[in-house]
Structures are given as C-alpha cells and as structure tokens.
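Produce the complete structure using the sequences and hints provided.
Quick mapping for you: the protein sequence lines, in order, are chains A and V. Just so it is clear: in the first sequence, position 172 is 172 by the working numbering, and no numbers are missing. Just so it is clear: in the second sequence, position 313 is 313 by the working numbering, and no numbers are missing.
Some hints could be false.
Said to hold, decoys possible - Think about it this way: if two alpha-carbon atoms lie no more than 25 Å apart in a straight line, the pair counts; the simulated PhoX-like pairs of lysine-lysine are:
hint: 1; chain 1: A; residue 1: K173; chain 2: V; residue 2: K121
hint: 2; chain 1: A; residue 1: K145; chain 2: V; residue 2: K121
hint: 3; chain 1: A; residue 1: K173; chain 2: V; residue 2: K132
Claimed, not checked - Cβ-to-Cβ under 10 Å is the rule here; a few derived chain A residues that face chain V:
hint: 4; residue: L24
hint: 5; residue: T27
hint: 6; residue: V129
hint: 7; residue: L171
These are calculated hints, taken from the structure and not from any lab test. Where is the CB? At the ideal position from N, CA and C, for every residue including glycine.
For reference, the chains in residue letters:
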Amino acid sequence: MRIRAWILVAVAALALAGCGDHRLVLTVDVLSYLDDSQRNVAVGALPEGAQPGPVPIIDDQTINLISGMGDVAEVQSVTLRLEGQITAASGSGSGRLRLYLSDEQTPPLAAVPVLDVPVQFAAGAPDTVSAEAACAPDVAALFLKQKMRMAMVVDSGMVAPPGATGVAMSLQKLEAIVVAGRKKSL
Amino acid sequence: MLRRVLLLLLLAALAGAEPAGAQLLSARRMAMGGVILAGGGPGSDAANVAYRGVPPAPNSGSGITLPIGIIPVLSDPPEFDPDKPEFNIYELANLAYNPPWNLQLVTPDPPANDISIAVGKDHLAVDLGDVKSIFPENHTRAGSILNGPAPGIGIRRFFVAVAPLVYYENDLSFSDELQAAIHGAEFTPNTSYSMHDEAHGIAAAGVHLGWAGPLVRHGDPRHGGTGLYAGARVKLMRGLALGEAENGVAFTTADTLFASEPVDVRYTGHYFDAGPDGGRFGRGFDVGTVWVGGGFEVGVGVNDLGTRFDWRARESVASSDTTTGETVQQVIARDRAYSNSVPTTITGNVAARLGRFLVAADVVRGVWATTGHLGAETWFGPVPLRGGLYLDANRLVQYTGGSGIRIGSFGLDLALATNSRNLSRERGLELGAGLTFYR
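Here it is as structure tokens:
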C-alpha cells in the first residue's frame with residue numbers, strides 16, 4: 001500500500017539540503033482517494049429528533065502517501081480544506097461534520113477530529129459546507145508517513161419533525177497543504 | 001537505499017555541472033582564456049611533451065599563483081554540520097568545484113524556491129522550480145585527466161620526472177520518463193523509471209622517462225629560423241587508489257500510482273575498489289610534436305596512448321532486498337585481478353606573433369568533451385594586456401582578461417575570468433593572481 005518513490009524523496013532531500021529556508025509544499029488531493037460512492041453519500045431518511053449516533057459519511061479509508069518523505073522533511077504546518085454540499089429531499093436538520101485522521105495502526109474514529117464544522121440541511125436549500133483548519137503537529141506529521149487513515153461522520157444530528165428524507169452529502173474538495181522543511185538529521 | 005539514491009542524484013547534479021575546466025594555476029594563462037601558452041609556458045609540456053624541447057618564447061617564464069581565494073573562506077567558513085540551519089549543500093558543492101585558490105567575485109545564488117509536490121491517488125507531479133536546473137537535461141558524461149606537475153631533471157635531451165596522475169569519469173543517464181518527471185511532467189501509471197550511472201576514478205604516481213628535442217632546425221626558430229620538435233615519454237606508474245562503480249535504480253509504477261501494492265524499486269550496484277596495497281603496475285605513453293618558425297607555432301600532443309593500470313581489487317555487488325527494500329552489499333572477491341585504461345587525450349594548438357600581439361588557440365579532445373581556448377597578449381612597456389575566451393565542457397563560452405606589471409625579471413599578474421563551475425551552471429566571475437619569474 002505504498003509507493004517507495006525513493007528517487008522522488010531523494011530529489012526532495014537534495015533540494016531541501018540547500019539554503020535553510022527552502023520549503024517543501026506537498027499538496028495531497030485527499031478527495032482523489034475516494035470513489036464516487038464516497039464522494040456522494042446518500043444518507044437517506046433520518047427520523048425526527050436527536051440522532052442516536054454519528055452518521056458515517058466516509059468509513060475507514062486508507063490514504064497512501066509517499067514513503068520515506070518523513071526521512072528527509074519535517075512538517076511545519078498542514079492546512080486542511082474541505083468543500084461540500086448537504087441536501088435533503090424533505091425536512092430539515094443540523095449536525096456537525098467531523099473529519100478524523102489517524103496513523104496506520106489507529107482506527108480513525110478513535111482520534112480527535114481534525115475538522116469539526118456545523119452543517120444544516122433543509123429541503124430546497126442546499127447547504128454549502130466550506131472549512132479550512134490548521135492541524136495540530138501530531139496530525140500534521142501523518143502527511144509525511146507512507147499511509148494514514150481517514151473517516152468522516154455527521155455527528156450530534158438533530159432533525160426537525162416530521163423527519164427528513166433524501167439526505168445526501170457530496171464532497172467537492174478535500175485537500176491538505178503540507179509545508180515542510182529540511183529534516184536536520186538528514 | 002535513500003542515501004544511495006541521494007548520492008546518485010548528487011552525482012547527477014555534479015556531473016551535470018561538470019567543472020568545465022578546473023581553476024588554472026597561472027594568472028597569465030587564465031587571463032588568456034586558458035590557452036596553452038606558446039613556447040613552453042605553463043601547461044604546455046603537460047599537454048604536449050615536445051614542448052620540453054622547444055626554446056622558450058620571449059616574455060615567458062615560470063611562476064606561482066597566489067591563493068587569494070582562501071581569505072574569504074577562512075573569514076566565513078562554510079557550515080559542514082547538516083544539523084545547522086546554515087548548512088548548504090550547494091555552497092559545499094560549489095566550494096568543491098572552486099577550491100579557494102582564486103577569489104570568487106561573483107558567485108551565482110543557489111536556487112531558493114520552494115519545491116511543490118502534488119499527490120493524489122492516481123496523480124503525482126513535482127515542481128522543483130529553479131532547483132531542477134541542477135539536474136542535467138540530457139545524458140551526461142563528464143571526466144578529466146589531471147597530470148600533475150612533473151618536477152625532474154634533464155640530461156641532454158633526455159629527462160626523468162616524477163608525476164601524479166588522477167583520472168575520473170562519470171557517465172550518468174536518466175530514462176526519458178524519469179527525466180521528464182524531474183522536470184515537471186507527471187508520473188504516470190504502468191511506466192518504468194530508471195537511472196544509470198557509471199563512475200571510474202584512479203589515482204597513481206610514477207616516473208616519466210622521455211626525450212624531447214629538435215628533429216630539424218634551421219637557425220634560431222625564435223629569431224627568423226625554423227624548427228621541428230618532437231617528444232615522447234613513457235609513464236611508469238603505480239596505482240594508489242581505484243574506485244569503479246556501476247549503479248542502477250529502477251521502478252515501475254502500477255495501474256494506480258498509490259495502489260495497494262508497493263512499487264518494487266530495484267537497485268543494483270557493481271563495484272571495484274583498491275587502495276595502495278591493491279595498486280600494481282601502470283604504463284602509458286605520450287608523444288608530441290611542435291613546429292616553430294616565422295613567428296608561428298603549431299603543436300599536436302597525444303597523451304595516454306595505451307595507458308593501462310593493473311590492480312588487485314575488491315569486487316562487490318549490491319542489490320535491493322525484495323523483502324525489506326534495504327540495500328544489501330556483498331563482497332564477492334578480494335584481490336581480483338583487474339585492469340583499466342585511461343582515455344587518450346589529443347591537444348592541438350597554434351600560436352602566432354602578429355605585430356605587437358601574441359595570439360594563441362588550442363583545441364583539446366578530452367574525456368567525453370572537446371574544449372577550445374583562444375587568447376591574446378600585448379605589452380605596453382612593462383604592462384601586459386591580455387584577453388581571451390574559451391568553450392567549456394558545458395558548451396558555454398567563457399570570457400577572460402587580465403593585466404599585470406613586470407619589473408625586471410619579476411612580474412605580478414592579475415586575471416579575471418568567467419566560469420560556470422557551479423551546480424546550476426550559471427556564470428560566475430573569479431580573480432586570479434600570480435607572480436612570474438621571467439627568463
């Protein structure tokens with residue numbers, strides 16, 4: 001589940017070994033790792049009232065990255081950008097869209113969400129979701145590993161009577177901008 | 001594995017920025033485009049053994065260069081510790097290309113842009129920006145043969161001298177696909193990417209036994225006469241160090257770039273190395289001829305005809321372990337009988353006195369590259385004025401000039417010369433200085 005792109009890593013290492021303010025800007029198109037059914041999730045009908053648990057949008061998904069990049073670069077920052085839309089055929093409601101990232105060994109839902117944004121839906125009024133957030137250092141470091149895991153849910157859902165039907169979530173953008181510098185111990 | 005590939009890429013960068021002519025340890029020659037100077041000037045007899053027998057030209061002499069480049073390096077030494085933020089691999093590489101002998105007046109700035117990598121499940125693109133200029137765009141071959149100073153003694157037309165010899169050569173190639181990817185094209189599925197490098201290097205020292213003198217002479221060739229001179233020398237040497245390596249790195253992408261199975265990176269290496277204990281007999285032969293007359297001078301020198309070294313070398317192979325991905329190196333033979341040769345170098349030069357001007361030119365067919373030099377000199381009383389240009393091994397024209405002053409048999413020379421001896425092959429400017437002791 002990895003590409004051992006040593007030549008690529010070595011090119012980056014050689015380039016980063018120049019003057020101290022060289023940066024590696026790694027853009028990870030997370031959305032590209034999702035197939036159509038994960039980008040356009042039909043949640044379906046939701047009963048009125050508080051939802052009993054999180055509604056999964058993306059189940060545990062593995063993201064394969066460039067092996068060895070962590071050997072040559074140190075993450076300085078990671079910015080996550082998400083754009084999507086939530087619609088309903090009837091009814092209305094609200095909740096929180098949460099994105100989880102974890103390392104290869106950890107179930108993503110066991111981690112702290114890296115994105116937690118409020119969402120609303122109402123029939124005939126699609127809600128556009130747009131969020132940008134900086135990741136904590138431990139989460140940021142995941143992007144230089146050879147793989148990580150991701151999950152997305154709508155949690156804390158509250159649906160107005162008499163309930164909603166045809167609830168759907170579509171993702172238009174999900175990317176991470178990783179800024180890294182030379183690893184000093186290279 | 002990473003360090004090996006990193007080393008290979010550094011080699012690629014270094015080879016791509018092939019030194020294009022080392023620093024010259026003669027300010028006069030440097031100011032005249034690095035041309036082989038007429039009448040036994042610096043560099044003449046190393047390139048053409050016949051010059052040992054040619055009478056010296058007017059205003060020629062011997063000299064020493066002044067290491068004026070050492071001052072800024074001592075006052076602001078480079079950082080060698082990679083853990084320090086000031087560590088700069090470009091600066092160190094450029095220092096290796098330009099030992100602190102001449103003073104570097106203009107040094108190209110190292111690439112300072114960010115590197116961008118875009119990754120998706122089926123998408124990988126790299127934008128190195130200016131950094132990609134350090135990687136050669138084509139198959140790159142570079143090399144040089146350095147015949148050191150040969151101090152010795154002469155008896156009549158015969159001579160004996162002691163001289164070192166250093167030879168290195170590097171032949172590196174990227175596959176078209178990898179070349180394109182490094183220069184910005186996307187990596188694509190089901191594609192093979194590969195890099196191959198062959199490096200050869202030897203150091204040796206030995207004795208030169210030779211003869212140089214006139215074959216035909218009518219009068220004084222420097223004053224209206226003519227003379228045909230020839231020279232030959234046998235090199236009897238012992239190898240001191242051998243390093244030969246053939247490296248290859250290759251991988252083939254799958255249907256999907258970041259698919260479920262790892263891409264198998266295949267690394268192979270084959271090495272021969274030896275130290276002084278493994279050095280054996282080396283022999284070679286140089287010949288040359290020079291015609292002098294009527295203010296003209298034409299010479300052809302052929303060095304290292306059949307130069308060959310024997311070794312008792314250690315032979316090793318390396319390959320990537322298909323399970324762990326790590327490189328495994330194994331010695332397969334010690335004291336393996338091994339021989340290698342040094343390429344032949346041919347130098348043609350002409351020089352002419354045209355009124356108050358000395359004009360000289362040469363063409364050198366060296367290791368993988370043909371270079372050319374052109375220079376001129378004139379004197380205004382005790383002050384010389386010199387200029388020149390040369391085509392370096394990177395096919396770039398470089399410009400030189402200089403002056404000085406002569407007081408009796410003593411002279412001070414200064415030279416300015418452009419060069420592209422740096423990783424990005426951009427033009428720099430250096431100042432050389434030297435003292436000349438005129439005959």
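Outcome of the hint check:
Note on K173 (chain A) and K121 (chain V): the hinted pairing holds, with a Cα-Cα distance of about 14 Å set against a maximum of 25 Å. With a C-alpha separation of about 15 Å, the suggested pairing of K145 (chain A) with K121 (chain V) holds against the 25 Å cut-off. Proximity of K173 (chain A) to K132 (chain V) is assessed by CA-CA distance (about 30 Å); at most 25 Å being required, the pair is judged violated. Below 10 Å, beta-carbon pairs count as interface contacts, and L24 (chain A) has one with chain V at about 5 Å; its hint therefore holds.
Restraint check, T27 (chain A) versus chain V: the minimum CB separation of about 5 Å is within 10 Å; hint holds. Nearest Cβ of chain V to the Cβ of V129 (chain A): about 21 Å, over the 10 Å cut. The hint is violated. Interface restraint check for L171 (chain A): the shortest CB-CB distance to chain V comes to about 14 Å, outside 10 Å, so the restraint is violated.
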